[in-house]
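S.K.: These protein sequences, in sequence, are chains A and B.
Each residue of the first sequence is one higher than the one before, starting from 0 at the first, in numbering that gives the first Met the number 0.
Each residue of the second sequence is one higher than the one before, starting from 0 at the first, in numbering that gives the first Met the number 0.
Hints may be right or wrong, so weigh each one.
[Unchecked claim] Cut-off 25 angstroms, straight-line C-alpha distance, at most; resulting in silico cross-link-like pairs (SDA-like, lysine to any residue):
| id | chain 1 | residue 1 | chain 2 | residue 2 |
| --- | --- | --- | --- | --- |
| 1 | B | Lys121 | A | His15 |
| 2 | B | Lys213 | A | Gln142 |
| 3 | A | Lys162 | A | Val13 |
| 4 | A | Lys110 | B | Lys163 |
| 5 | A | Lys62 | B | Lys213 |
| 6 | B | Lys163 | B | Leu31 |
| 7 | A | Lys31 | A | Lys110 |
| 8 | A | Lys76 | B | Gly178 |
Because the hints were derived from the structure by calculation, they are not lab data.
A quick note: this is a predicted structure, and the numbers were derived from the prediction, not measured.
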Amino acid sequence: MTAQTPLLRVENIVKHLGGHRILDDVSLNVPKGRLKVLIGPSGAGKSTFLQCVNFLLPPDEGKIFLEGREINGASKKELLGLRQHVGMIFQDFNLFDHLTALENVRIALIKVKRMQKREATERAMDELQRVGLVDKAGLYPAQLSGGQKQRVSVARALAMDPKLLLLDEPTSALDPELIGEVLAVIRELAKAGMTMIMATHQISFSASLADEFVFMEQGRIVERGAPSELLGKGRASRTQAFCAKLNELTGENAE
Amino acid sequence: MNEFFDFIMARVVPALNTGLWVSVQIIVPAALLGVAIGVTAGTLRVYGAKPLAKAMNFYVSLFRGTPLVVQLYFWYFALPYISIGGFNIVLSPMMASIVAFALCSGAYQSEYIRGGLLSIKKGQLTAAQALGFTPVRSVVSIVLPQAFRRALPGCGNEIIYLIKYSSLASIITVNELTGVGRGIAKATWKNTEVFMVVGVYYLILVTVASFILKQLENRLCIPGFDSNRSS
Ligand SMILES: Nc1ncnc2c1ncn2[C@@H]1O[C@H](COP(=O)(O)OP(=O)(O)OP(=O)(O)O)[C@@H](O)[C@H]1O
Ligand SMILES: [Mg+2]
């Protein structure tokens with residue numbers, strides 16, 4: 000892999016669902032260590048796009064390359080391998096309800112990576128440490144707050160040593176006072192050089208970390224560029240209009 | 000009163016104890032097999048490939064839709080006359096009973112398991128797959144343990160029913176509790192006394208089974224899976 004090869008290259012993805020063209024010719028390059036932020040109205044196809052990247056929804060057309068290697072959607076084994084390298088964070092956490100925080104983080108290490116239990120436990124505790132939840136290791140999802148659940152789910156993804164992290168509105172299901180703790184974890188990850196694609200409405204937060212804003216609408220990328228460029232004073236961008244609307248709704252202050 | 004007590008202790012209890020042992024030898028394997036069949040059939044009905052799911056649906060409607068007595072007669076009386084690849088299978092009364100009860104119970108158990116599976120949010124399957132779990136492994140490791148906890152109260156109920164309908168084994172000549180009871184009642188003409196005691200035996204069986212099931216529920220209890228909840 001040369002310096003120029005992006006970690007992830009998505010070329011001309013098309014996806015149909017229920018007879019509708021949900022993704023229409025979407026392309027994206029993600030260099031190592033960068034954060035790309037997907038924004039856009041509800042139904043734009045952000046979640047669909049993220050799920051196409053790790054083939055939870057196999058794209059109908061287009062190509063996906065991870066570290067320069069094309070992902071062959073037909074090979075089950077390759078898909079399972081791909082997913083071990085691509086972590087995913089969901090809006091509503093999707094923790095395994097019958098497992099403690101520790102077991103949630105550990106289970107894929109044991110069942111997928113075939114790690115020894117003791118080694119897996121150590122690794123899981125390290126990740127819980129990273130998200131500040133060591134003292135909650137023995138609690139079940141039902142006993143955790145939303146913010147804590149999302150941090151466990153981040154730890155669960157990180158334990159697999161992903162090369163790329165996909166975050167689908169990681170704070171949208173959280174009460175306002177819990178958003179900060181999750182954003183703090185994401186900020187640390189970005190600073191530590193984790194490669195990420197994140198769909199979010201947290202515009203001002205991501206503006207300081209994102210390498211590029213990608214504005215989607217009706218299954219297409221309609222605008223893209225550096226946050227400063229799109230949000231800069233005197234620019235009449237779609238992104239800016241969308242943010243203004245968001246601010247009206249949430250009172251968030253986009254600088 | 001004393002005469003009654005003596006009769007019970009001298010004639011009824013020793014005989015019923017042997018019958019009880021026979022009943023237990025039918026109930027325990029039938030219940031365990033029933034749960035195993037129920038988990039397999041229930042899972043295939045929800046996650047299996049189309050033909051398999053359809054086959055399981057057919058199995059369930061067949062065994063829920065016909066009287067258990069008819070099923071018993073089939074396994075005991077009819078099966079020996081059916082040639083399967085040149086072989087005729089003859090089941091002993093005990094075996095026929097176990098097979099009949101396990102298959103019937105399994106059909107009902109699969110309903111509870113299926114309900115439990117459907118109550119688990121789909122997102123957890125997606126999350127497991129995103130971590131690199133195969134579909135089979137994510138069902139086995141993630142969904143089934145939760146579904147089983149949700150289904151446990153219903154499955155327990157079915158086992159309680161099984162204890163009671165195990166008395167039907169007596170009609171294909173098995174000398175279990177009810178069969179033995181009927182024998183003594185016929186010989187002594189003391190129907191009231193005998194069947195009262197038989198009833199008490201079943202009551203004890205059911206109480207013990209309920210206790211064991213409750214222990215199991217407590218052991219498997221996890222915050223967020225309150226088994227007293229009605230869902
Ligand atoms: N299984 C499906 N069948 C049919 N249509 C679907 C399916 N899944 C999603 N869609 C449609 O695809 C479109 C894009 O959905 P998607 O969830 O990707 O949007 P999104 O940008 O993530 O929106 P949000 O901000 O609400 O999460 C929506 O119009 C949705 O109704
Ligand atoms: Mg979405």
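S.K.: Does each hint hold? Answer for all of them.
M.R.: Results for each hint:
{"no.": "1", "hint": "Lys121/B with His15/A", "result": "holds, 21 angstroms"}
{"no.": "2", "hint": "Lys213/B with Gln142/A", "result": "holds, 23 angstroms"}
{"no.": "3", "hint": "Lys162/A with Val13/A", "result": "holds, 24 angstroms"}
{"no.": "4", "hint": "Lys110/A with Lys163/B", "result": "violated, 41 angstroms"}
{"no.": "5", "hint": "Lys62/A with Lys213/B", "result": "violated, 54 angstroms"}
{"no.": "6", "hint": "Lys163/B with Leu31/B", "result": "holds, 16 angstroms"}
{"no.": "7", "hint": "Lys31/A with Lys110/A", "result": "violated, 28 angstroms"}
{"no.": "8", "hint": "Lys76/A with Gly178/B", "result": "violated, 57 angstroms"}
Consistency with the previously given hints fails for numbers 4, 5, 7, 8, ordered from lowest to highest.
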